[in-house]
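Student: One line per chain: the protein sequences are R and Y, in this order.
Its first residue numbered 1, the first sequence is counted upward by one per residue in our numbering.
Its first residue numbered 76, the second sequence is counted upward by one per residue in our numbering.
Because the hints were derived from the structure by calculation, they are not lab data.
Don't take each hint at face value.
Covered by chain R, per the in silico footprint, the following chain Y stretches (three or more residues, Cβ under 8 Å) [to be verified]:
(1) 195 to 206
(2) 337 to 346
(3) 364 to 376
(4) 388 to 398
(5) 415 to 425
Keeping only pairs whose Cα atoms sit at most 35 Å apart, straight-line, the calculated DSBU-like set for lysine-lysine is [as the list claims (entries may be wrong)]:
(6) R:LYS27 with Y:LYS150
(7) Y:LYS359 with Y:LYS459
(8) Y:LYS150 with Y:LYS296
(9) Y:LYS150 with Y:LYS192
(10) Y:LYS257 with Y:LYS325
(11) Y:LYS325 with Y:LYS359
(12) Y:LYS359 with Y:LYS150
(13) Y:LYS502 with R:LYS58
(14) Y:LYS257 with Y:LYS459
(15) Y:LYS190 with Y:LYS502
(16) R:LYS58 with Y:LYS459
(17) Y:LYS290 with Y:LYS150
(18) Y:LYS325 with R:LYS27
(19) Y:LYS290 with Y:LYS190
(20) R:LYS27 with Y:LYS257
(21) Y:LYS192 with Y:LYS294
(22) Y:LYS296 with Y:LYS502
(23) Y:LYS192 with Y:LYS296
(24) R:LYS27 with Y:LYS455
(25) R:LYS58 with Y:LYS150
(26) R:LYS58 with Y:LYS290
(27) Y:LYS359 with R:LYS58
(28) Y:LYS459 with Y:LYS502
(29) Y:LYS257 with Y:LYS455
(30) Y:LYS190 with R:LYS58
(31) Y:LYS257 with Y:LYS359
(32) Y:LYS455 with Y:LYS502
(33) Y:LYS257 with Y:LYS294
(34) Y:LYS150 with Y:LYS257
(35) Y:LYS359 with Y:LYS190
(36) Y:LYS257 with Y:LYS192
(37) Y:LYS294 with R:LYS27
(38) Y:LYS296 with R:LYS27
(39) Y:LYS190 with R:LYS27
(40) Y:LYS296 with Y:LYS359
The model shown is predicted, which means the values in this text are computed figures rather than measured ones.
We put the CB at the ideal spot given by N, CA and C, even for glycine.
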Amino acid sequence: MKSKHLSFLFLVCSAAIASGCTSLGVKPWQRDVLAREEMQLGADPVDAAIDDHMYFSKEASSGGRSFAGGGCGCN
Amino acid sequence: MQLKPKAPRPTPANARRRLIAASCALLGAAARSQQANVAPADSGLLEDWSVDSALAYYHEDGRILAIEPVVNLAKVFADGQSLNFNGTFDSLSGSSPNGALTSHTAQTFASPSGKAKHAYTTAPGQLPVDPNYQDTRIAVGGNWTLPFTRVDQLSVGAKVSDEHDFFSVTVNASIAHDFNEKNTTLSFGISNEFDSLSPIGGAPVPGSDYALSQKNAGKTKDGVGALIGVTQVMTRNWLTEFNVSVDRFKGYLNDPYKITSIIDSAGNTTGYEFESRPDQRTRKSAYWENRVGWNQQLSTALSLRYMTDDWGVRSDTAQLHLRWTLSNRDRYIEPTLRWYRQTAADFYTPFILSATVPTTGFESSDSRLGAFHALTYGLKYAQKLPGLGSRAESEFSVRAEYYQQTFNERIATPAALQGLDLYPGLKAILVQVGWRF
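Input sequences plus hints: build the corresponding full structure.
Tutor: The following block contains the structure:
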């Protein structure tokens with residue numbers, strides 16, 4: 001049931017983004033703010049890796065931003 | 076007499092052409108500048124690589140201590156290809172909970188190795204922990220990204236992780252397509268993980284009597300995962316990402332060092348058995364991240380995640396990074412807040428009542444499968460410094476986090492166990508220094 005909810009959520013979001021994407025976004029010369037270091041997805045990969053390892057070893061969930069596997073025998 | 080040609084009257088069309096020309100000139104300059112950053116072949120070692128490194132110190136209250144140096148090397152080539160290598164070394168020591176229940180009487184346990192000198196006794200009222208826990212881990216990984224059209228790129232990666240009782244190989248591949256003037260990116264990726272377990276003393280037979288120490292040779296588990304993602308530029312200062320992922324693991328999914336106490340109706344511990352988890356698990360998650368640049372100084376990154384699996388665990392995660400940039404963008408402060416909660420796995424139980432026959436045949440007292448919520452408070456300070464060699468700048472940072480788990484559900488316990496802290500939770504600190512150049 002939950003998987004149906006997730007699939008439905010993804011479809012709705014994808015449809016919303018796909019239908020709205022032509023009116024969303026910016027021109028190439030309007031990317032000044034988006035070009036900032038802190039605006040990049042995965043801007044701090046080392047911080048994220050250390051945090052992910054900590055949470056992977058202490059919680060039952062992992063992944064989401066990327067793949068869930070931990071490659072660690074700690075959990 | 077020769078007259079100078081009259082300058083064209085500035086019309087909207089002219090102005091637009093001038094703007095386009097100026098933009099092209101700027102873009103050209105930026106491209107030249109980017110190419111200039113690609114160092115010549117005779118440059119020194121790592122001269123044309125960006126290096127992101129950190130040393131982390133992690134300490135749980137009364138339990139594990141870990142020291143973790145991490146390094147990440149990245150290079151973007153002039154043709155758009157990029158390479159990334161990362162390496163991690165973990166050194167862990169301290170005390171690790173073995174899963175047994177706190178008791179009013181002293182409890183003596185054999186070590187996983189079975190060596191008498193490593194046997195340990197837990198005092199009354201104390202959480203049973205193996206005080207001899209020690210491990211080291213080395214992990215290396217690499218990733219290659221290859222644009223194969225102006226709007227498509229392929230990325231492949233691999234990671235190898237080695238511990239004395241665990242070995243893991245992960246490979247992944249993903250493809251991404253840009254459209255809508257590169258304001259929208261669709262991506263799809265798959266991963267495959269192969270794990271080999273060789274626990275100290277052998278892999279226990281799930282659910283077997285701890286006193287009999289029934290163990291087998293090494294075990295394996297493997298997993299496959301898939302991720303579909305959409306990244307969308309919403310406005311000039313708002314970027315959003317939405318991912319859906321699924322992964323499935325099969326094999327020996329038990330923690331070989333975890334046992335569960337068996338108690339009688341009076342609350343006395345009568346024995347222990349090794350935990351017994353299902354041999355497969357499927358997880359699904361949805362992840363949504365938003366990055367917003369509010370003004371020159373302030374930006375936020377808010378991420379939300381929902382995860383569910385067929386073990387009965389459901390979790391919600393919300394994390395907020397707030398970056399406050401100071402001075403002439405040469406330093407920043409970044410407070411972080413993370414909230415997490417999870418429900419318990421269907422087979423989680425802190426103890427087994429000897430009179431009860433498990434209906435599923437599965438049980439685990441591993442607190443990581445219990446119902447709890449967790450909070451993380453963090454603060455990072457980073458300072459830009461002069462660069463090294465041809466580099467424009469470097470960055471030094473220091474970061475600290477405090478993590479606390481608090482258990483939610485509490486199972487009714489026999490009167491004899493009243494007064495014992497059966498759900499001690501977890502408190503941990505993380506301190507990290509980083510250097511990026």
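Student: Take the hints in turn and mark each one as holding or not.
Tutor: Hints, one by one, checked against the model:
Remark: the segment 195 to 206 of chain Y is not confirmed as covered by chain R, as 0 of its residues place a Cβ nearer than 8 Å to a Cβ of that chain, below the required three. Given a C-beta distance limit of less than 8 Å, the hint that chain R covers the segment 337 to 346 of chain Y is violated, as 0 residues qualify and 3 are needed. Residues of the segment 364 to 376 of chain Y with a Cβ under 8 Å from some Cβ of chain R number 5, which satisfies the need for three, so the listed coverage holds. Counting residues of the segment 388 to 398 of chain Y whose CB lies closer than 8 Å to any CB of chain R gives 5, which reaches the minimum of 3, so the coverage claim holds.
Counting residues of the segment 415 to 425 of chain Y whose beta-carbon sits less than 8 Å from any beta-carbon of chain R gives 3, enough to reach three: the coverage restraint holds. Among the hinted pairs, LYS27 of chain R with LYS150 of chain Y is consistent with the structure: their alpha-carbon atoms are about 27 Å apart, no more than 35 Å. In summary, the hint linking LYS359 of chain Y to LYS459 of chain Y is not supported, as the alpha carbons are separated by about 40 Å, beyond the 35 Å threshold. At roughly 34 Å between alpha-carbon atoms, LYS150 of chain Y and LYS296 of chain Y fall within 35 Å of each other, so this suggested pair holds.
For the hint linking LYS150 of chain Y to LYS192 of chain Y, the alpha-carbon distance of about 50 Å lies beyond 35 Å, and the restraint is violated. Distance check on the hinted pair: LYS257 of chain Y and LYS325 of chain Y sit about 38 Å apart at the alpha-carbon level, beyond 35 Å; violated. For the given pair, LYS325 of chain Y sits about 15 Å from LYS359 of chain Y by alpha-carbon distance, which is consistent with the 35 Å threshold. As the CA atoms of LYS359 of chain Y and LYS150 of chain Y are separated by approximately 33 Å, the hinted pair is consistent with the 35 Å bound.
Of the pairs offered as hints, the one joining LYS502 of chain Y and LYS58 of chain R holds, with about 11 Å between alpha carbons and a cut-off of 35 Å not exceeded. For the suggested pair LYS257 of chain Y and LYS459 of chain Y, the alpha carbons sit about 30 Å apart, so the restraint of at most 35 Å is met. For the hint linking LYS190 of chain Y to LYS502 of chain Y, the alpha-carbon distance of about 31 Å falls within 35 Å, and the restraint holds. Between LYS58 of chain R and LYS459 of chain Y the CA atoms are separated by roughly 33 Å; this keeps the pair inside 35 Å, and the hint holds.
At roughly 47 Å between alpha-carbon atoms, LYS290 of chain Y and LYS150 of chain Y are farther apart than 35 Å, so this suggested pair is violated. Simply put, LYS325 of chain Y and LYS27 of chain R have alpha-carbon atoms about 47 Å apart, too far for the 35 Å limit, and the pair is violated. Restraint check: the Cα-Cα separation between LYS290 of chain Y and LYS190 of chain Y comes to about 15 Å, which is no more than 35 Å; the hinted pair holds. As the CA atoms of LYS27 of chain R and LYS257 of chain Y are separated by approximately 9 Å, the hinted pair is consistent with the 35 Å bound.
Of the supplied pair hints, the one linking LYS192 of chain Y and LYS294 of chain Y holds, its CA atoms being roughly 26 Å apart against a limit of 35 Å. The hinted pair formed by LYS296 of chain Y and LYS502 of chain Y meets the criterion: a straight-line CA distance of about 30 Å does not exceed 35 Å. This hinted pair checks out: LYS192 of chain Y and LYS296 of chain Y have alpha carbons roughly 31 Å apart, not beyond 35 Å. Proximity of LYS27 of chain R to LYS455 of chain Y is assessed by CA-CA distance (about 33 Å); at most 35 Å being required, the pair is judged to hold.
Taking the CA atoms of LYS58 of chain R and LYS150 of chain Y, the gap is about 33 Å. The hint holds against a cut of 35 Å. Of the supplied pair hints, the one linking LYS58 of chain R and LYS290 of chain Y holds, its CA atoms being roughly 26 Å apart against a limit of 35 Å. For the given pair, LYS359 of chain Y sits about 19 Å from LYS58 of chain R by alpha-carbon distance, which is consistent with the 35 Å threshold. Annotation: proposed proximity of LYS459 of chain Y to LYS502 of chain Y holds, straight-line Cα distance about 32 Å (limit 35 Å).
Proposed proximity of LYS257 of chain Y and LYS455 of chain Y is supported: the alpha carbons are some 32 Å apart, at most 35 Å. This hinted pair checks out: LYS190 of chain Y and LYS58 of chain R have alpha carbons roughly 28 Å apart, not beyond 35 Å. Between LYS257 of chain Y and LYS359 of chain Y the alpha-carbon distance is near 28 Å, which keeps this suggested pair within the 35 Å criterion. A hinted pair counts as satisfied when its Cα atoms are at most 35 Å apart, and LYS455 of chain Y with LYS502 of chain Y qualifies at roughly 19 Å.
Restraint check for LYS257 of chain Y and LYS294 of chain Y: not satisfied, since their Cα atoms lie roughly 46 Å apart, outside the 35 Å limit. Restraint check: the Cα-Cα separation between LYS150 of chain Y and LYS257 of chain Y comes to about 22 Å, which is no more than 35 Å; the hinted pair holds. Taking the CA atoms of LYS359 of chain Y and LYS190 of chain Y, the gap is about 41 Å. The hint is violated against a cut of 35 Å. Between LYS257 of chain Y and LYS192 of chain Y the alpha-carbon distance is near 63 Å, which puts this suggested pair outside the 35 Å criterion.
Taking the CA atoms of LYS294 of chain Y and LYS27 of chain R, the gap is near 54 Å; set against the 35 Å cutoff, the hint is violated. A distance of roughly 48 Å separates the Cα atoms of LYS296 of chain Y and LYS27 of chain R; the hinted pair therefore is violated under the 35 Å criterion. Between the alpha carbons of LYS190 of chain Y and LYS27 of chain R the distance comes to roughly 68 Å, so the proposed pair goes past 35 Å and is violated. A distance of roughly 18 Å separates the Cα atoms of LYS296 of chain Y and LYS359 of chain Y; the hinted pair therefore holds under the 35 Å criterion.
Taken one by one, the earlier hints fail for this structure at numbers 1, 2, 7, 9, 10, 17, 18, 33, 35, 36, 37, 38, 39, listed in ascending order.
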